[in-house]
Structure formats: structure tokens, C-alpha cells
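**Student:** Protein sequence lines, in the order shown, are assigned to chains A and B. Counting in our numbering, the first sequence runs from 1 upward without gaps. Counting in our numbering, the second sequence runs from 1 upward without gaps.
Keep in mind the hints are simulated off the structure, nothing from the lab. Hints are supplied without guarantee of correctness; some may be wrong.
Said to hold, decoys possible - Pairs of lysine to any residue, SDA-like flavour, derived with a Cα cap of 20 Å:
#1 K260(A) <-> C306(A)
#2 K215(B) <-> R106(B)
#3 K51(B) <-> G273(A)
#4 K274(A) <-> P252(B)
#5 K201(B) <-> G281(A)
#6 K201(B) <-> C306(A)
#7 K274(A) <-> E255(B)
#8 K153(A) <-> F115(A)
#9 K274(A) <-> N230(B)
#10 K201(B) <-> L276(A)
#11 K215(B) <-> T278(A)
#12 K274(A) <-> S217(B)
#13 K201(B) <-> F115(A)
#14 K201(B) <-> Q105(A)
#15 K274(A) <-> R106(B)
#16 K51(B) <-> N230(B)
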Amino acid sequence: MSAVLKPANEAPLIRLRDLHVRFESRDRTVHAVNGVDLDLAAGEVLCILGESGSGKSVTLRALMKLLPKTAKVTGEIQVAGRDVQAMNEGQLADFRGGDVAMIFQEPMTALDPVFTIGRQIAETVQRHEGASRSTADARALELLELVQIPSAKRRLSAYPHELSGGLRQRAMIAVALACRPKLLLADEPTTALDATVQIQVLLLLRSLQEQLGMGVVFVTHDLGVAGEIADRVAVMYAGKVVEEGPVGALMAGPLHPYAKGLLGATVHAGMRGKRLTTIPGAPPMLDKVPTGCAFAPRCPELIDCCHNGVPMLKPFGPDRLARCIRVAARAAQGEK
Amino acid sequence: MPPPAPDHGGAAQPLLETRGLVKHFPIRGGLFGRQMGEVRAVDGVSLSVRKGETLGIVGESGCGKSTMARLLMRLLDPGAGEMIFDGEPVGRDDLAGGISLKEYRRQVQLVFQDSYASLNPRLPIEDSIAFAPEVHGVPAGEARERARELLAAVGLAPAQFARRYPHELSGGQRQRVNIARALALRPRLVILDEPVSALDKSVEAQVLNLLVDLKESFGLTYVFISHDLNVVQYISDRVLVMYLGQVAEEGPVDEIYARPAHPYTRALLASRPSMDPAQRRTEPPLTGDPPNPVNPPSGCRFRTRCPFAEAVCADVPPIAATLSPGHTAACHMALPGSGHSKAGGIAA
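Let the sequences and hints guide you as you build the complete structure.
**Tutor:** In C-alpha cells form, the structure reads like this:
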């Protein structure tokens, strides 16, 4: 369900305002996220789409305060009505895996290699819900069945290395769902999977999301994945959201020149023999915060004003946003 | 820039043919490192690459496509089978009309997926590109001259880039260097093993356009190995679908994508995420992961995941049935009289 269709009085699951993250080391400073505002309604699936270095994973990690000490984070981060920035270690330990859970691209590094799958799930239940060992073990079995792992009972006593890639990913999802989180954060969880397994995991995540009514933030670089799972898509470039809107409208007619370029450069059926449209150049090094539009050096629709200050994220129609002065001008003309 | 080696057999003769290529890797373990089993990475693959075409090889992890790339380059010795390059048996210079491995490796080059690991971090890129020609006897000055021409050909201005080290380049630029290096010996065949898989989408499109241009201007033939069905469809003339070390289906690209005959090819194509949220899938085309190539299933290797599997599939390995000229599928359903209840039912 899209945010605009939700009743207005419901508190959003995520409220992110003016998030800035920069990484400081002795040699250089990287401004990874430069002012991100995002809202997520309960039960909504938002895809953050972007290329490497766009700040999508950093944004996701900031929601759980998982960034390293070298990261300087500013801005308002509210998740499930709580101020994440203000939490101490003890509160964070309750919060992570309780209200909010995260799944990763590589289950082999996210799961503990020396404990069985069943133990890792049960441990989460015991830690967060204070359940007894036997209750927790029973829950672990239920969860493995929920994520559709075949012969679940036998798999409880399997170690991560004994499972195939697809099953391992399902086991990680089971750990994440152990305490029925309100919000699931997913960092490219299907990128490393084979095509026939990727679609299985995507369909599983979608059905679990509907079944449990979770909000999901799904980070990906793959437009096809976003098309399969998202309600709403936010496209990131150089640490900023450059376009946001319902998945169907955005895929059918992107507004921002970068989003247009990204869709045009993605190879899909029916492009054989045609020359691919490309985005010239490369994303900016984020040593300095870009003044003006960060996409301007690569933009085919560039005009002089593009360098005068950072464009605002402005509405286009009832439910879409774009950070481009030319799109804003078109929107203004449309209203007249 | 010197011309490539001359053509021998004329346009009709395949540039590269393999017959029954096999590569098994032993698994050692236990006391005294006894052999415990073997990974049947490539198990009897016959293919032919025509002059001037792009042959796409597609499949999931463990299907043997990367082992295939290394076999085709002869970085690995095949356990059995033959390779014939433009009519000449490869590595059989003892025979009249054979081609030596050294000469073969001059005419065939490989581009890897990992653009960083495949370049020497301590050599400026110009020297990396000039290295192979020098090994093959080109004087240093001339080799460097050639390297600069190639850098320009792949879209990296030599004055700006020639003396840079790999870590000073982006992923897309490094992959351009790898492509330039592969072209330095003026090969006739270039094997591309997942060349764009590690790149961002906008850079991927740049490199694909470059590959198309270079094929034209250098008169190349490509073997393009990838797991990305959309990219393979874009770049290939013919496509080979591999499953657990064997060829499941082979044919012209339009034929394979419009009329896939093998149940695996159909499932693979149906697994592509749709960019249109109105056409979302509700059921996955296949369940489970690809089986382990250590102990592949008997008979047809796909039968454990195939919705149409019958008794005959477990007993008899399917042979390739011809559906239309050049389009073959190794499935009992495609072969009339195979004993499968749907035999002949999917003939195109």
C-alpha cells in the first residue's frame, strides 16, 4: 500500500529527516549521505535503488545505528516512534532483532558458523521474549516452516555451511523474523543468488511481508528486483534521494534524468541490435559535499541554472517527487 | 598494429569446435589425501563457435560455465575430448596440421570478471597491455606504441591514463584495460567470462557498447559467458544453456528466447524479475537450488527439479534432439520415441 493511501493520522514506521553521514579518516573525508528524508508507513515496502557509492546501504545501516565509530551521523532518525540516535547500547540491543531486523547479502557472514540454525533462531527468541528453551526451540521449527525450508525438523540441527545458498538465505530470514519485527531492513538479500533461486526468495519475502504486515526497506541496485517487490521506490544518487514515487509510475516514466538514464542503460528484452543508452562519466567522488546538482556533470538536460545551488526534492503530481529544476519547471507548467 | 593471423578454412568452417570436453576435479581428503570423489564441472560438452559470431553461454552457479572458459583458453587441461581451432587440433603440433598451445593462446584471449585481480597492481596499465606482445617477441618500444593505440580504442585517453596503476581507475575503466590487454595480441577469438557482472548498470551499458564496437572494428569472434539472461540476449547471436556441466539447449538467440524447448531454459527465462509491477509472478518457476555437481543425478541431470520428470528421465541420459535447424535440446520430451509420455510434444 502506498503512503498516500494510508490514513494520515497513523504514525510512520520510519521518519528520517535531513540525514547526513560522513566518514572521516586521517587521509580523507567521504560525504556518503547528504540530506535524506524518508518516510515509511506500516506494512509498506520501500525500495532504495542506487548504484555503488550512492549511499543506499549507509542510509539503511543508519536506521539501526549500525555504522562504525568513524561515521559522523546527524539528522533525525525515528524508527517505530523511537529516536535511534539517542539510544544507548542496552536499548539498541533490545531494539535490534526486536522491533527491527535486518537481512544481508551474504548469509554465510551474517550467520554464526559454529552454532546450528535452530540454536541461532531460538537464541533470538530467548533473548528478546524471555521464552524458555523448549518454547524457543518450538518457535524455531515454526519459523523454518514459515520460510519454507524443506524437512525443517532435520534442518534445525544443521550448521550454516551444510545448507545451500538459497536455504541459508531462508535461514537468515527466519532468524530476522524470529521476534515478529515491525520493520525488516533488507540489504541486497538476493543479489548473490542464482536466477531461479532469487525469484523464490523474492516471492517468499513478499508473501511473508503481506502475511506479517511488516514494513520493509529493501536496498538494491537491480531494477527488476524493485519491480517485483516494491510499493514505492526511492532512487539515490551521490548521497541524496533524486526521485521517489510509486513503483509502477516510476518504472513506466522516470522523471529525473539520472533515473531515466538508469532505466535506459538497463538491458532488457527487445533491445537486441540497438545501441544502449549510457550515462557518460562516473559518479562524483564524495570528498566534498556537491554544491549545485550532483548529477549535472553527466546530465543530458543540463542548463546553466543547474549549478546554482542544490535543487530541492519537489512534488510532481500527487504522489511523486523529483530533485531536478527542469522537472519542477515542467510540474509548474502543468499546474497552470 | 599488425593484422590478426590469417583465416584458414574459410567462412563456413567453425573457428572453434569442442567435442566431448570433460573436466573433473578430484576432491581429496581424509588420511593421506585419498580421492574422496570428484566435481564433474564440465561433463561432455560439444560446441562450435562460428566465425564472426557471438556465442553466449548461460547458466547458474555450478553449471560449469567458468570452467568452460578456462578450458577454452586452455588454462585447464581437459580430462577428455578434443578442441579444434579453425580446423587444426589444439595442442597437437606433433601432428601435421595441428596448432601449438603457444600459438593457440596468441589467437585466443580471455577477459575475466574481476577486473582488479586480473591486473598486476604494480604495473602501470600501459605496461600490463604491452607485456604479452613483448613475451611474443615484439620490441618494447613498438609494444608500448601498440598499448597506447589500444587504450585509445577502448576509450581511455593514453596521455591521461597510460601511466596509471590499476588502483587509480574505476571498475569500468579497469575492465576497459582488461579488454585492451586481451586485444594486444590481435586475437581472433575473445572469451569473455562475466565481463560486466561486477559493474554498475550505467557502466555495464558503456562496456557492452564498447564490446559491440570492438567486435566490428577488430573483426572478432566472442564467446560471452554470463548468468545474466538479459545481457546474453542483447549481445549473442547463438546461445548455449548449461546445467550441471552439460549442455541443456543450444540455438539461435531469438529461437531460444521465443521458443525455449528444454524445461530448464523455460524456467530460467521465467525466473527473470519483471520490471513491470503489473506483471508480478505469484509462483516461482522452480523450487530448490541447483544440485551439487559432485554427485549429479542419474539420467537427465535436471530431473530432480523438473516438473515433467518420469521414470525414463532417471534411467537414460537424454541426447540432443533437433527442433529446427541449429536448435537442439537435450530433453526426452523433445525426442520422439524416447519413452517419455510427452515425447515429441514440444517440437517447435
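**Student:** Run every hint past the structure and note whether it holds.
**Tutor:** So, going through the hints one by one against the coordinates:
no.	hint	in the structure
1	K260(A) <-> C306(A)	holds (17 Å)
2	K215(B) <-> R106(B)	holds (17 Å)
3	K51(B) <-> G273(A)	holds (18 Å)
4	K274(A) <-> P252(B)	holds (18 Å)
5	K201(B) <-> G281(A)	holds (13 Å)
6	K201(B) <-> C306(A)	violated (25 Å)
7	K274(A) <-> E255(B)	holds (18 Å)
8	K153(A) <-> F115(A)	holds (16 Å)
9	K274(A) <-> N230(B)	holds (13 Å)
10	K201(B) <-> L276(A)	holds (11 Å)
11	K215(B) <-> T278(A)	holds (19 Å)
12	K274(A) <-> S217(B)	holds (17 Å)
13	K201(B) <-> F115(A)	violated (38 Å)
14	K201(B) <-> Q105(A)	holds (18 Å)
15	K274(A) <-> R106(B)	violated (32 Å)
16	K51(B) <-> N230(B)	violated (23 Å)
This entry does not satisfy hints 6, 13, 15 and 16, going by the numbered hints stated previously.
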